[in-house]
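J.: This is what each chain is made of:
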Amino acid sequence: MSEKTTAKKTAKKAPAAAPEAAASVTAPVGPEAASPASPVRLDVRKTYKLYIGGAFPRSESGRSYQVTAPDGTFLANAALASRKDARDAVGKARGAFSGWSGATAYLRGQILYRIAEMLEGRRAQFAAEVRSVEGLSEAKAAAEVDAAIDRWVWYAGWTDKIGQIRSAANPVAGPFWNVSSPEPTGVVALFAPERPALLGLVSVLAPAIAAGNTAVLVAPDSAALPAVTLAEVLATSDLPGGVVNILTGSPAELGKPLAEHMDVDALDLAGIADAGFATSLEQMAAENLKRVLRPSSAPADWTQAPGTARLTAFLETKTVWHPVGA
Amino acid sequence: MGIFDYAPAPESRAIVDIKPSYELFIGGEFVPATGGAFKSVNPATGEALAEIGEASAQDVDRAVAAARRAYEEVWSRMPGTERAKYLFRIARIIQERARELAVLESIDNGKPIRETRDVDVPLVAAHFFHYAGWADKLEFAGYGPNPRALGVAAQVIPWNFPLLMLAWKIAPALACGNTVVLKPAETTPLTALLFAEICRQADLPAGVVNIVTGAGETGAALVAHPGVDKVAFTGSTAVGRQIARTVAGSDKKLTLELGGKAANIVFDDAPIDQAVEGIIDSIFFNQGQVCCAGSRLLVQESIQDELLDALRRRMGTLRLGDPLDKNTDIGAINSAEQLARITELTAAGEAEGAERWSPPCELPVNGFWFAPTIFTNVSATHRIAREEIFGPVLSVLTFRTPDEAIAKANNTPYGLSAGVWTEKGSRILSMAKRLRAGVVWANTFNKFDPTSPFGGYKESGYGREGGLHGLEAYLDV
Chain A
1 MSEKTTAKKT AKKAPAAAPE AAASVTAPVG PEAASPASPV RLDVRKTYKL YIGGAFPRSE
61 SGRSYQVTAP DGTFLANAAL ASRKDARDAV GKARGAFSGW SGATAYLRGQ ILYRIAEMLE
121 GRRAQFAAEV RSVEGLSEAK AAAEVDAAID RWVWYAGWTD KIGQIRSAAN PVAGPFWNVS
181 SPEPTGVVAL FAPERPALLG LVSVLAPAIA AGNTAVLVAP DSAALPAVTL AEVLATSDLP
241 GGVVNILTGS PAELGKPLAE HMDVDALDLA GIADAGFATS LEQMAAENLK RVLRPSSAPA
301 DWTQAPGTAR LTAFLETKTV WHPVGA
Chain B
327 MGIFDYAPAP ESRAIVDIKP SYELFIGGEF VPATGGAFKS VNPATGEALA EIGEASAQDV
387 DRAVAAARRA YEEVWSRMPG TERAKYLFRI ARIIQERARE LAVLESIDNG KPIRETRDVD
447 VPLVAAHFFH YAGWADKLEF AGYGPNPRAL GVAAQVIPWN FPLLMLAWKI APALACGNTV
507 VLKPAETTPL TALLFAEICR QADLPAGVVN IVTGAGETGA ALVAHPGVDK VAFTGSTAVG
567 RQIARTVAGS DKKLTLELGG KAANIVFDDA PIDQAVEGII DSIFFNQGQV CCAGSRLLVQ
627 ESIQDELLDA LRRRMGTLRL GDPLDKNTDI GAINSAEQLA RITELTAAGE AEGAERWSPP
687 CELPVNGFWF APTIFTNVSA THRIAREEIF GPVLSVLTFR TPDEAIAKAN NTPYGLSAGV
747 WTEKGSRILS MAKRLRAGVV WANTFNKFDP TSPFGGYKES GYGREGGLHG LEAYLDV
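Protein chains in written order, with my numbering: chain A, 1 to 326; chain B, 327 to 803.
Think of the hints as simulated: they come from the structure by calculation, not from any bench.
Some hints could be false.
[Said to hold, decoys possible] Subject to a maximum C-alpha distance of 25 Å in a straight line, what follows is the list of computed DMTMM-like cross-link-like pairs (lysine to aspartate or glutamate): (1) A/Lys161 / B/Asp577; (2) B/Lys750 / B/Glu632; (3) A/Lys256 / B/Asp577; (4) B/Lys759 / A/Asp160.
Next comes chain A alone, as it looks inside the complex:
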């Protein structure tokens, strides 16, 4: 908080030197930049907030936490989502479910592709964020961002195909038309892994919404930074508000309210590394028979081709019968 306050004060002092400062976009960030006498422009920092129902609120609790680089350097204050934020997010996800699950697969595919386009346009920003959060080399950070973009493209293409490969015309022994087809499960709470920060988020989020579910995505700790930037991408990709809601903060705090919430239909525990905690969340989820995707026991390699497992994890099969006759 003190960091933010300082920045504001300095900014207020700046106007006298403003014209020259504005001209310089390559200025380094640091103590010199804050000096009113310097011709170098002070950068405008981003406030990292939550993404709920298409809006960017702060946590209702008023809390934030410091996100730091692996070497301890301060990066930003992120909103520390509360139980109440989690409940608000579930409400928005539920409200968006009918529209999103009812949208045509073609439309969902186009919106997911649009997300890839928007992400591509902000490659440099994501790479810088991933780099600072994960402490990666420039090349590795760029590779992660590229993989995340390509993952959106992969799932964009699946929206109008998963229904076909999971459907069946069933040859029942009688005069009936009988067809099975998949439908989205509903509201899914996703616990993203902290690493890879961006690719992990995208790898759990994209399949859930490609299948027609709406999501509450918990971005743990430092993954908050790319998560909120991803929210900005989502907000400008024609994705209806509430389809994806992003909570930044502590899975340890948000796990229970989401696992126990009776309006959440499924859990993806990918990011819950503590086996005991994952088990207790799965037990809570049993209260309303949530579908649970357990964390993999071996460390997951998120760069591998994802297949369809995460896509089918949150699909139900509906079978419809009708008599055949004149």
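With chain A held as given, fit chain B onto it using these hints.
T.: Only chain B this time, still in chain A's reference frame:
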């Protein structure tokens, strides 16, 4: 007796040979249980049929060990083509011994012979026949080039369709290359034990199928056993929840087929006579002891009187009595415990202000019986509109618009099945799409087929049984 009355037409019991006592089926042998014994009762008379061995935790352990051995040494190494032939053989023996199985099922369960003979047992044979053919074709099922079995499957089944639920569990498990330990319900173990004999007749390798009889404790020991790779359960949502908690954090794959409170929606353009037959099937088939029963009738307000008059007339022709009588429509309730639950919930229906009606119906003195019953003036908040009664009791609610019908139909934590009756095709498709249920019967109800996936949304459980989709529950995919 009037000229249109029926003479008794009992099916002969001579075809079945019920032994005084039964043991567990473990490793291909009948072995004594170490957990004591309980009685299986004929619900139509209340008389004990046989003493059944109660499997202790040690017995369960032996059964799981036998299944593991059979999996490691025999079944997982056997080519699918050979597994297939065993299953085809079992299907054939079931057909050969169909009448015996039907009679035994009616005696042990209380359901009418008309149903066991024409529905349960034919579907059991069909289920084995269907999955037999999958055993050597799994790589074509869409789960990758070499889908693998899970290992040992623990299967716990209910009493409402004892042999059919056994088939739904064992046939796909074996086809996919798993071995099984199955626990039948404590009130209906006899056909499962006869199935054990069928496995022996088929020369199925020892330990591929193991049957442990017992009550809840036996089932709990089975699903919690660390040597089990897969748990499949059909039964109440309360027990399903408990099982989900038990297997949480393990590597066990879990499928659950649980309770329901299905809406059966009748629009004003539906053919009334067909709809009435559908309503009768939806709630009185198997005395309404069906998880997918259409226990909430949603009738469009404008035809309520006409439809209910016709329904009451039809209910007046239902024949309740001896399950072995070929003319019986409504048999016995499976147990005193279940009868008590139905009685308690219907009493609550009256106490909460719903209006109760049953046709004149004489109930036998002995055994467990409940007259076909409908409740009108039911509000969505009444217990009889919310809770699964699992008996021949229909709650009638009304609606005016399709939107209202959908809202009421989906207003339940369950999501197993639903019915729609209308002549308008586009309305059927829109209703079928908007109903949150795993099976939607349009202009029909309570139809089942081995190729047709069955299973629920929401608190009716997860996973599918039947057809291509049913393989997933038993493969490592």
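J.: Can the restraint linking B/Lys750 and B/Glu632 be considered satisfied, given a maximum Cα separation of 25 Å?
T.: 20 Å, holds
J.: Do the alpha carbons of A/Lys256 and B/Asp577 lie within 25 Å of each other, as the hint requires?
T.: 22 Å, holds
J.: Below or equal to 25 Å on CA atoms is what counts here, so check A/Lys161 against B/Asp577.
T.: 30 Å, violated
J.: With the threshold set at 25 Å, check whether the alpha-carbon distance from B/Lys759 to A/Asp160 stays at or below it.
T.: 17 Å, holds
Consistency with the previously given hints fails for number 1 only.
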